[in-house]
Structure formats: C-alpha cells, structure tokens
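Please model the entire structure based on the sequences and the hints provided.
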Amino acid sequence: MVRRKHALLASSERFSAFYGENAGDLLVFFARRVLDPDVALELTAETLASAFLSRRRFRGSSSGEARSWLYGIARHQLSRFFERGATERRAIERLGIRMPTMAADEQQRVEELADIEPLREVVRSALAGVAADQRDAIRLRVVDERSYSEVAGALGISEPTARARVSRGLRSLARALEAQGITKEEIA
Amino acid sequence: MSADRTPMSLPALDALEREFERISAGQHEATPLRRLSAPRLAWGFGLALVLLALSFTPPGRAATGWVARVTGLGGEPALPHPESRPGTAVVVDDGTTPDRTPYEVVAEAVNPLQGFKFGQQAPARSDPISPEVARDAQPLPAHEIFCAAVDWPSVGDNQSDRGCVSGNELDGSSSPVKNPDLTFFPGRHTDTPAVFTAEVEDSSVASIEVTSHEQEGSTKPIQSHLVSVDGSVLQKVGAKEPFSVLIVPLSADEVAAASSKATTIEATVRDAQGSQIECMNLFRNFFLEQSDQPPPETSGNGCAG
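Chains as they are written, first to last, in this note's numbering: chain B, 1 to 188; chain F, 1001 to 1305.
Since the hints were derived computationally from the structure, they do not count as laboratory data. Warning: the hint list may mix true and false statements.
Said to hold, decoys possible - One-sided excerpt, in silico: chain B residues whose CB lies under 8 Å from chain F:
1. R14
2. S16
3. E93
4. L95
Backbone N, C-alpha and C define an ideal beta-carbon position, used for all residues, glycine too.
Here it is in structure tokens:
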C-alpha cells in the first residue's frame, strides 16, 4: 500500500505529468489571491519546488489526493506570504531553480485568466477602509518592498509595531477577499 | 511539452517546467558507484573503527557530543535519512555552491548497531560497521554515533555523500577549527563541487574569513558560513555550551585549483576584537594523492607566507 502510494510522484516522469496537470491552475489560484502575476509565479514555483523536494513523503494514491496535497502546500505558502509580506524562495534556492520572468503580454494573460481586475477593485475599496496607519505600513512593505526595519524607520515606530500594522492590514484585505467569495480556508 | 497539458500556454510556465526537468535529469546523471569511491569509503570505515573504539570508553561517549547538540535544529532535510534515529535528522545549513549546486548540511544521530546483535552477521543494509568488526567486538549497550552529512538535494534519494564526525577527541589538535571534512558532489573527485565542514567550539572565535591564495600571490575571498548554535536552540537540543560549524561551499573550479595545489584555501580565525587567533590551511590534509607538486611555502601560523 505504502509502496504504491510512494511511487505516485516519485519518478521524474510522473512529477512532470503532475506539473502539467496542476501548474496552470496553481498560477491562477495564486494570482487571484495576491493580485500580482509575478508574485503568483514565484509562489507557484516555490510550491512546486516544495512538492518536488517532499514528493517521496507523499502518501496519497490518486491524482486527486496529489492535487489536495499540492494545494495544502500552496495554502501554507500563501499564508506565509500574507504573514511576511514577501515570497519565500527556500525550496527554489535549494533546488537551484532559475526563475523565469514573465513578459508583459504573459502578465496580461494571467490577469485575464484570474479575472484580477474586479478583485483589485475590491482590494482598493478595502484598502480605503483600512486604518491609515496600517495602509501606510502595507504600502511601504508590500508595494515599495521595504524591509520591516525600513518601514519602522519611515513611520517612526518600532519594528514590532510595523510588523503588527502590516499583519493587521493584510488580514483586513484578506477578509475583504473572503467577502468576495474567496474563503478564509482557501486563503490560509 | 506543458503547452498541451496546462490549461494555458505561458512561456514562463514552460520555462519553469524545463527547470524541473533539468533537476530531475540531474538525478539520473549521477552514479552512486562513482560516489562511493574507495577513498571515501576508506575514510568512513576508518572513522567508524575509531568511533567504535571510542564508544567503549567514557571519552568516546563524550566525543559523540557535538553533533548531538545540533539535533533538533533547523528544518527537515530534503532527502530521507533512513539510517538516522527518527526525528533527529535536521538541516543546520543549506545553500548553493558558487557554481549553483544546491547542498544541505544535515546533522543526524545514528545507531550503527541497530537491527543486529554482535556476533551475528550484519544486516544487508548499508552500515558503517563491517561484519568482521561486529563478530570481533564485545556486546555493547545501545548507543549512537553522530554524523554531519552533506546532502545534494538535486541528486535525489540515496545519492548523497556523507560522513560521520565526532568531537574534539578525534582531532586531538589545539586548533579552534576541528574535525575537518570535505564532501564531494557525487561523481569524480577534485573536479566537482564540494562542501568543507568543521567544528568550532572555541567561544573566543567571533569570525572566520576564508580566502583563496594563488601561487603568484593574488587573493580572493571564498564564501563561508559560520553557523552558530546558541540561545533558545541550545535549550531545545539540551546542549550546555554554544558552538559553531564552519561550512565552506566550493565550486568545481575552486576544488580543482586546490587539489592541483594551484591555490591554497586558508581560514583566518578572529576574535571579537578582530585580532587573529589562528590562520590555517584548510586543505592541508586533503588532495595528497592528487599532485606531485609540493604545497606552497607556509608561514609559522600555517598560512601561505
């Protein structure tokens, strides 16, 4: 039983098929939640790299179970992204993956497939409803990609306070997305 | 090939798939037979004998300390470590060599006697104790040795090279950098990437600068990591004294240059004030069989003069 399950993703051929079946959907999954095709591609790569590294520990026996397992990893990555305001590249770097970049037309295509623009409107309105101090912290951390110490310096607050403001602000945005049909379970 | 399988055709996704294919292909290129080359096995077997001898004595048990203190650090290794005690294999460092070969340094506790009794034939699985040694040895209580393995995650299962190390007693030197080991990427020695590891227990050591010196006198820095094990991590693993692990990932070119004695790779050990504690040739005892050329002249402190 275990041996049969173990073999499901163990070979490179099967992992390649697994990639083909899931990579596109996974990219859309992330794009609808982070609203940024480039970030979505990084999260997709990190998720698949994590799956590749731990594929021999996968204990399922069907493609459906494999997909559920993959999305479990994806939700963990997404949760980490919302917590930290930055993507994680641990598995990517461990495998030495050279990250591809998206051309402008590719980004446009992902935005269309993920139907991002309406979601952006949701986020814009949600952002307007977020407390000003949290909004500033989010802008500095997520939009300007500043470190937490830089966010703290720019706002004249301590680093723990900066982290708390970003975290609370992102949770507010997550709730706004949830209200639009993306459940909390899907986000985190 | 992903274009007809993924729900959309995106060059970036296709490029990413090719990256996974490249990584998967790398697993088939490496040959375990070449990895388990005679020098490495001989070294591992010799050390296993030393560890076995030490295990009979209190100093031997004490010698197994330093990697034990690492147990519990970091995350789960990318590769399975079936010979380690469950839950003890932990990543203490990871990254890539300068030529972008991913590596992990994993600490693990291993019981070399697990699964068979002395006086009986050893099990078929890989084991650091040979049947001959097992037959000659006296019964021992269950015990463990501790290994610091350098894994190469891109190679896959059962392909990683690893060696067991122990504490200061095996080294016997007064140097703050003890128990040096050099683990090659599976394949031919000396023209593959490698990772140097050593233990640093001297609490006065604040930094170690690793440099490559060419014979004509030029010098360049070599990336290295001094991984500190202290604070809450020490509490977690039940250790009493903080220590560090020196990790030097090397490219194939750097290994080739060091093995041919075209360069020497030196470590300058400094205290918190920046004063030099010691300067040492890290690879003095490696590559002895690789070249007839004598090593460069060294100064009294062990580094190239």
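Exercise. Hint numbers the structure violates, sorted upward?
Worked result: Result: hint 1 breaks, nothing else.
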